[in-house]
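Asker: The lines below spell out each chain.
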Amino acid sequence: MTKFTAKAGWWLGAAALAGIVPVQQAAAQDAATVKLGVVTFLSGAAAGPFGIPSRNAAELVVEAINAGTLPAPYNSKGFAGAKLEPIIIDENGSTTEVVQNYRDLVQRRGATAVVGYVSSGSCLGVAPVAEELKTLTVFFDCGTPRIFEDEDHHYVFRASATSTIDSTSAARYMVSRYKDMKAFTGINQNYAWGQDSWSDFEGAIKDLKPGLKEEDPLFPKLFAGQYSAEITTLLAKDADVVHSSFWGGDLESFVLQADPRGLFQKERFYISTAETAMFRLGPKLADGIIMGARGPWGVYSHDTELNRWFRHAYTDRFGTPPVYPSYQMALSLLGTKLAYDKAAAANPKPGVEDVVRAFTGLEFEVFGTKIAMAQGKGHQGIHEIAQGTYKYDKATTTPTITDIVYYPAECVSPPEGTKSTDWIKDGMKGAKNCP
Amino acid sequence: MLTAAAILVDGLDYAAWLFIVAVGLTLIYGVMKVVNVAHGGLYSMGAYAAAWAVGLYFDRGLAPAGSFLVLALASVAVGGVVGLALERGLLRLFYGRDDILIVLVTYAAFLILENLVLQIWGVEAYPAYQPATLLGTMTIAGLPFSTYELALVPLAAAIGAALIWILARTRIGKLVRAVIHDREMASSFGIDVGRVYTVTFVVGAVLGAFGGAVTAPIISVAPGIGVEVIVLAFAVVVIGGLGSVAGTIVGALLVGLARAAAVHLLPQVELFAIYAVMSLVLVLRPQGLFAPARQRRI
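First to last, the protein sequences are chains A and B. Oh and the first sequence: position 102 is 355 in the numbering used here, straight run, nothing missing. Oh and the second sequence: position 131 is 157 in the numbering used here, straight run, nothing missing.
Think of the hints as simulated: they come from the structure by calculation, not from any bench. Treat the numbers as computed from the prediction; the structure is a model and nothing was measured. Be careful, since some hints might not be right.
[What the hints assert, rightly or not] Per the computed footprint, the stretches of chain A lying under chain B, defined by three or more beta-carbons under 8 Å from a beta-carbon of chain B, are: (1) 469-480; (2) 507-513.
[What the hints assert, rightly or not] Derived contacts from chain A toward chain B, CB cut-off under 8 Å, selection only: (3) 298; (4) 488; (5) 537.
C-beta atoms are modelled at their ideal positions from N, C-alpha and C, and glycine is treated no differently.
Hey, can you work out the whole structure from these sequences and the hints?
Answerer: Now the structure itself:
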């Protein structure tokens with residue numbers, strides 16, 4: 254070795270240790286372990302409704318995967334036999350911070366795969382960096398369809414369906430249940446999630462019931478907390494049906510302010526994330542609210558061996574039942590495990606490219622629901638979704654759901670290659686098997 | 027007619043809440059010339075302490091009416107202790123230093139308080155709706171309104187009147203006004219300026235915490251509530267003129283009515299309305315509507 258190459262080797266080694274030079278994770282990975290980055294909100298407003306339930310699920314499922322105690326087909330130990338070493342970090346912060354933390358997770362802390370991200374802003378920021386660092390990254394909750402509709406990705410996957418299924422199924426549910434409705438409106442937080450959710454619902458309900466009158470929708474500031482004027486406005490409107498994608502403290506504050514004023518008795522509300530709040534609010538959540546869970550998750554999940562284990566183990570450890578973000582985290586981890594296990598069939602020590610090949614277009618069943626990685630060139634999952642009506646059972650003091658309808662994926666999702674907004678604009682053509 | 031009545035009621039309602047939340051900020055600036063960014067943290071701590079205390083109170087099955095007293099006591103306790111600790115332990119070390127430095131110090135205090143809230147109460151939201159539910163609703167112009175939220179209007183009026191009266195008519199008020207007018211001169215006349223600062227800051231902190239406490243029954247007390255409030259509170263006191271209690275009343279009324287009108291008439295501009303009012307006022311009167319006249323030193 255010449256003096257120059259020896260020196261260069263030292264420098265490169267030091268740089269790699271310092272996280273300056275990206276390490277080829279698959280090659281460098283110790284086959285016995287997979288360092289798994291788990292990213293979700295551990296602080297901030299989204300921690301309570303989404304972050305902590307998903308972190309809890311990650312802890313539980315990773316432990317069970319390592320122990321090999323899950324029901325088939327998840328009953329082998331680890332990812333392709335490699336033990337998982339979870340590194341859980343906080344998603345809270347600006348998109349720049351989230352991206353920096355992702356780089357740190359991969360380059361300095363050596364995460365081989367990352368499962369995470371609640372916010373669509375985080376997902377949009379992280380996706381190109383995941384490609385740059387050639388790191389398997391599975392988004393578990395963020396709903397924006399733009400991730401795979403605007404770009405092709407090689408290392409990025411999302412098993413949970415996009416937010417399009419929330420709004421299209423909600424529109425179908427409302428139209429089928431309230432046939433005499435004349436007008437509709439919405440109250441959504443004034444940022445991407447609220448605007449996109451409303452736009453999809455608005456388009457879908459107009460497709461399904463042409464001629465319906467639309468009252469001016471309301472878009473209060475995110476984390477406004479005070480909704481007195483909005484509630485008065487909704488009380489004074491003629492709308493029969495109101496759409497909302499409020500979440501977290503905003504959702505709970507709105508419910509606490511609107512319920513005593515009789516708003517939920519006057520108008521039929523659809524709230525796409527209400528399932529996250531039903532156990533916390535209990536009797537404060539008015540009977541008759543139509544609530545979503547971003548899939549057939551939480552209270553809508555099917556009775557299977559895996560689901561019975563998950564609900565019991567989660568409730569026993571954390572003192573409250575798992576809500577939909579818990580399920581989204583669990584299914585994303587289990588989907589990633591299946592991809593690793595499938596890749597291991599061809600290569601016992603699979604590298605990232607092997608896992609990507611195995612994950613692309615994968616179909617698997619989890620919690621009694623089939624997930625097909627059928628969009629985004631095999632990187633975006635589609636699955637059924639459930640909608641139902643909230644009812645608080647006073648006798649047993651238990652929040653319950655009645656009148657549940659399951660909408661198959663092919664009814665509420667656009668065909669592969671079609672943008673959600675275009676599909677809705679064109680009348681949701683090709684929707685099949687709708688109940 | 028219905029819309030006009032609704033705008034008036036909603037506007038007054040929101041203005042009352044804004045005033046209660048912002049008045050501590052303006053009081054501290056008026057006397058101490060400290061832009062207290064930590065006010066949002068005090069609001070947050072007041073809300074959490076009140077929600078937690080109310081939860082405990084109802085769990086013990088005590089008389090529901092007593093919960094209003096619990097709200098007040100929780101905020102006084104938290105605001106008093108934290109306010110005293112901040113002023114004596116931190117701010118006094120920076121008096122006389124550059125204004126920007128003091129803003130940075132209070133911002134740091136705000137971040138510390140936000141973190142303290144997380145350490146004490148965690149990330150879960152705390153609902154403390156019982157006091158608001160107790161009062162039920164009132165019908166105005168055919169629409170039901172929350173009596174608790176309406177009750178904030180006379181409460182805000184009482185706080186405003188009490189502050190103005192204390193500052194204008196009492197011995198303590200005269201001492202405070204002397205300090206506002208000229209700190210050195212007041213000190214040379216034997217006024218304990220340090221004590222006036224401490225008392226003012228603690229009162230301002232208690233008002234900030236009280237703002238959080240009275241808000242707790244109508245919101246879900248969740249992480250981050252202090253961030254939103256501090257921005258709004260600054261908008262209100264800037265419109266009214268930093269340091270003026272009367273200005274804060276007018277600022278809160280302008281913002282409250284503008285926001286209510288926007289929500290009812292043109293919901294697309296709701297977010298814009300508040301800051302449009304602020305921008306307009308600052309263009310016409312950069313020092314705010316009621317900023318106290320500044321003495322010119324030679």
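Asker: Evaluate each hint against the coordinates.
Answerer: Hint by hint, here is what the structure shows:
| no. | hint | result |
| --- | --- | --- |
| 1 | 469-480 | holds (count 10) |
| 2 | 507-513 | holds (count 3) |
| 3 | 298 | holds (4 Å) |
| 4 | 488 | holds (5 Å) |
| 5 | 537 | holds (7 Å) |
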